[in-house]
Amino acid sequence: RPDSIFSGMVAALGRIESTRVLQMITSTKGV
23 RPDSIFSGMV AALGRIESTR VLQMITSTKG V
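One rule links them: number in the numbering used here = place in the sequence shown (from 1) + 22.
If you're looking for bench data, these hints aren't it; they were derived computationally from the structure.
Among the hints, a few may not be true.
Straight-line alpha carbon distances no greater than 25 angstroms define the calculated SDA-like cross-link-like pairs of lysine to any residue that follow [to be verified]:
| # | residue 1 | residue 2 |
| --- | --- | --- |
| 1 | Lys51 | Glu39 |
| 2 | Lys51 | Phe28 |
| 3 | Lys51 | Arg37 |
| 4 | Lys51 | Thr41 |
| 5 | Lys51 | Ser40 |
| 6 | Lys51 | Gly30 |
Restraint ranges, calculated between C-beta atoms of paired labels, are given here [unchecked claim]:
| # | residue 1 | residue 2 | range |
| --- | --- | --- | --- |
| 7 | Met46 | Ser26 | 24 to 32 angstroms |
| 8 | Lys51 | Arg23 | 38 to 46 angstroms |
| 9 | Ser29 | Ser49 | 27 to 35 angstroms |
| 10 | Val43 | Arg23 | 28 to 36 angstroms |
| 11 | Leu44 | Pro24 | 27 to 35 angstroms |
Just so it is clear, CB atoms sit at the ideal spot from N, CA and C, and this is done for glycine as well.
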């Protein structure tokens, strides 16, 4: 099913974005 693949990609992207935002917040806090 292409839908499952699409949802998986969206989930992976969301996870990457969330971790990136978390790193940005922690880096700004460190400074």
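inquiry  = Could you work out which of the previously given hints the structure breaks and list their numbers from low to high?
reply    = 2 and 6
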